[in-house]
Amino acid sequence: MSLAQTAQHTSTATVPNVKAQAPVPQECLTCRIIGTAALGGVGIYALKMSRAKAPGSIAGKRIVAGLGICFLAASALRWSK
Numbered sequence: 004m005s006l007a008q009t010a011q012h013t014s015t016a017t018v019p020n021v022k023a024q025a026p027v028p029q030e031c032l033t034c035r036i037i038g039t040a041a042l043g044g045v046g047i048y049a050l051k052m053s054r055a056k057a058p059g060s061i062a063g064k065r066i067v068a069g070l071g072i073c074f075l076a077a078s079a080l081r082w083s084k
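The opening residue of the sequence shown carries number 4 in the working numbering; numbering runs sequentially from there.
Treat the hints as calculated values from the structure; they're not laboratory data. Check the hints yourself; a few may be wrong.
Listed next, the in silico SDA-like pairs over lysine to any residue satisfying Cα-Cα at most 20 Å (straight line) [to be verified]:
1) K51 / A41
2) K51 / P26
3) K56 / A41
4) K56 / V67
5) K64 / L50
6) K51 / F74
7) K64 / L80
8) K56 / I66
9) K51 / T33
10) K51 / V27
11) K64 / Y48
12) K51 / A68
13) K64 / A49
14) K64 / C34
15) K51 / G63
16) K51 / Q29
17) K51 / C34
18) K56 / G71
19) K64 / W82
20) K64 / V45
21) K51 / A77
22) K51 / P28
23) K64 / M52
24) K51 / A40
25) K64 / R81
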């Protein structure tokens, strides 16, 4: 057997199945609770900072309020899997 045939034989024999996908790891319950609390807390804080008596421009408050709603929605969507 020549050197080229040996290299071809070993390269095709050791190639793993690349198309097989690894399973997606599941989050533990503690991770979900902490993540939900963190996203919810940031969302509530952002909504609190967008209230009428808080300092800042009206446009800035609206942006912060939108971000707060997004964070609250993200905390709720963590449980929809």
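Which hints from the list above does the structure break, by number from lowest to highest? Violated hints: 2, 3, 7, 9, 10, 14, 16, 17, 19, 22 and 25; rest satisfied.
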